Amino acid sequence: MFFYESIPWYSWLMWFVVLGALIGLNEVTRRWKWGGIAFFIILPIVLTIFVFPTTAGAGSSTGTWFHWVKVYSALAGSLGFMAIRYFPKVAANKKVLIFPAAILAINILEACIRDFQVGAMGADGIVDGVYMLSGSWNWMNGIAGLLNLVAICGWFGIFISSDKSKDMIWPDMMWFWIIAYDLWNFAYVYNCVGDHSFYAGAALLISCTIPAFFIKKGAWLQHRANTLALWMMFTMAVPMFVSDSMFSVETSRSPVALFVISALSLAVNIAVIIYQIATIRRKRLNPLTDELYTHLPQYKAIVAANTAAVEAPTAKVPERV
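All residue numbers for the sequence shown refer to this note's numbering, where the first residue is 1 and numbers rise by one.
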């Protein structure tokens, strides 16, 4: 295969199990407050005290600074979003709406730094427990990630949905930005922890993209933070699953494959930036304070679906924060 070595049927089966588990657990933590408390407060405390010191120590494939930072930054995102969702006074503070964009930007920047770091290593072998091959692809994809970060927009338009799940809705986060992010992030995982990318790249990214496109539109960042936190806790606790188990899948270690996915990531993110700049100039908008895509039908559909009035005659449409 082009990107991977031969993938046995049982690895494909496990891939779908991982995908289904992440989507299912995301729904549990999204729909019920107790689910979020159990998985993003109680479970991390238990794992940090009793599990991670043993499973994610020096020499482990998840024992690097990046994995430790990633698990807690993902958890910080999930907990911060829960505060915005469940405490109206928090959501009503416009300054707080900078937090979702900031936590997203920090996560992207962490990965860009790692891509540049791997690119500068001159690596061609096992590094931090995984195979790495440094090359131009690291630099291309690092730049793609920075472009994706710059293209984050419309955070002052974030509001809480009017339904029982009280989701954090970000209508300006359009489908084309999500696709650009997915390509960049998959390329990052493929470049830097390639042998984890079958699960930590493809399955993990699809587990938040499916809900964003088909289950709860407009809540991609919430889906992303929750599925990422769940996956990072799992892989920190059971690092051998993606590296040494019967279900592990190795990349083809092909320079051509590395170059192709990073080049595609860069091209798509350049296209998003060009479209965004054209939109800003045409509509004379401020990208730091204005929502950019209010004219698109997808934006209008997301807002309408999440601010719908309750059927009672005296009901009022919830105000957006």
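The hints are simulated quantities; they were obtained by calculation from the structure and are not laboratory data.
Be careful, since some hints might not be right.
[Claimed, not checked] Between beta-carbon pairs, the in silico distance windows are: (1) I215 <-> T294: 21 to 27 Å; (2) H295 <-> W68: 38 to 44 Å; (3) D124 <-> I179: 18 to 24 Å; (4) I7 <-> I98: 20 to 26 Å; (5) V51 <-> T289: 16 to 22 Å; (6) L13 <-> K283: 44 to 50 Å; (7) G57 <-> F176: 24 to 30 Å; (8) R281 <-> I45: 45 to 51 Å; (9) I98 <-> W68: 23 to 29 Å; (10) T294 <-> I179: 18 to 24 Å.
[Claimed, not checked] Calculated pairs, DSSO-like style, for lysine-lysine (alpha carbon to alpha carbon, straight line, at most 30 Å): (11) K283 <-> K33; (12) K283 <-> K164; (13) K94 <-> K166.
If you're wondering where the values come from, they're calculated on a predicted model, not measured in any experiment.
The C-beta atom is built at its ideal place from N, Cα and C for all residues, glycine as well.
Confirm or reject the claim that I98 and W68 have a C-beta distance inside 23 to 29 Å.
Check passed, 25 Å falls within 23 to 29 Å.
Honestly, do G57 and F176 meet the 24 to 30 Å range at C-beta?
violated (41 Å)
Can you tell me whether the CB distance of T294 to I179 sits inside 18 to 24 Å?
holds (20 Å)
Taking 38 to 44 Å as the hint, is the beta-carbon distance of H295 and W68 inside that range?
Because 42 Å falls inside the window, the suggested range holds.
At the C-beta level, are I215 and T294 separated by a distance inside 21 to 27 Å?
Since the Cβ atoms of I215 and T294 sit about 23 Å apart, the hinted range of 21 to 27 Å holds.
Evaluate the given range 18 to 24 Å for the C-beta pair formed by D124 and I179.
With Cβ atoms ~31 Å apart, the hint is violated.
Is the hinted pair K94 and K166 satisfied, with a Cα-Cα distance of at most 30 Å?
Holds, at about 18 Å.
Given the hint of 20 to 26 Å, is the C-beta distance from I7 to I98 inside that range or not?
violated (42 Å)
Does the hinted range 44 to 50 Å hold for L13 and K283 at CB?
With a Cβ separation near 48 Å, L13 and K283 satisfy 44 to 50 Å, so the hint holds.
Hey, K283 versus K164, does the alpha-carbon distance stay inside 30 Å?
Violated: K283 and K164 sit about 35 Å apart, past 30 Å.
Hinted pair K283 and K33, Cα distance within 30 Å:
Violated, at roughly 40 Å.
Regarding V51 and T289, is the given constraint of 16 to 22 Å on their beta-carbon distance met?
For T289 against V51, whose Cβ atoms are near 43 Å apart, the range 16 to 22 Å is violated.
The earlier numbered hints that this structure contradicts are 3, 4, 5, 7, 11 and 12.
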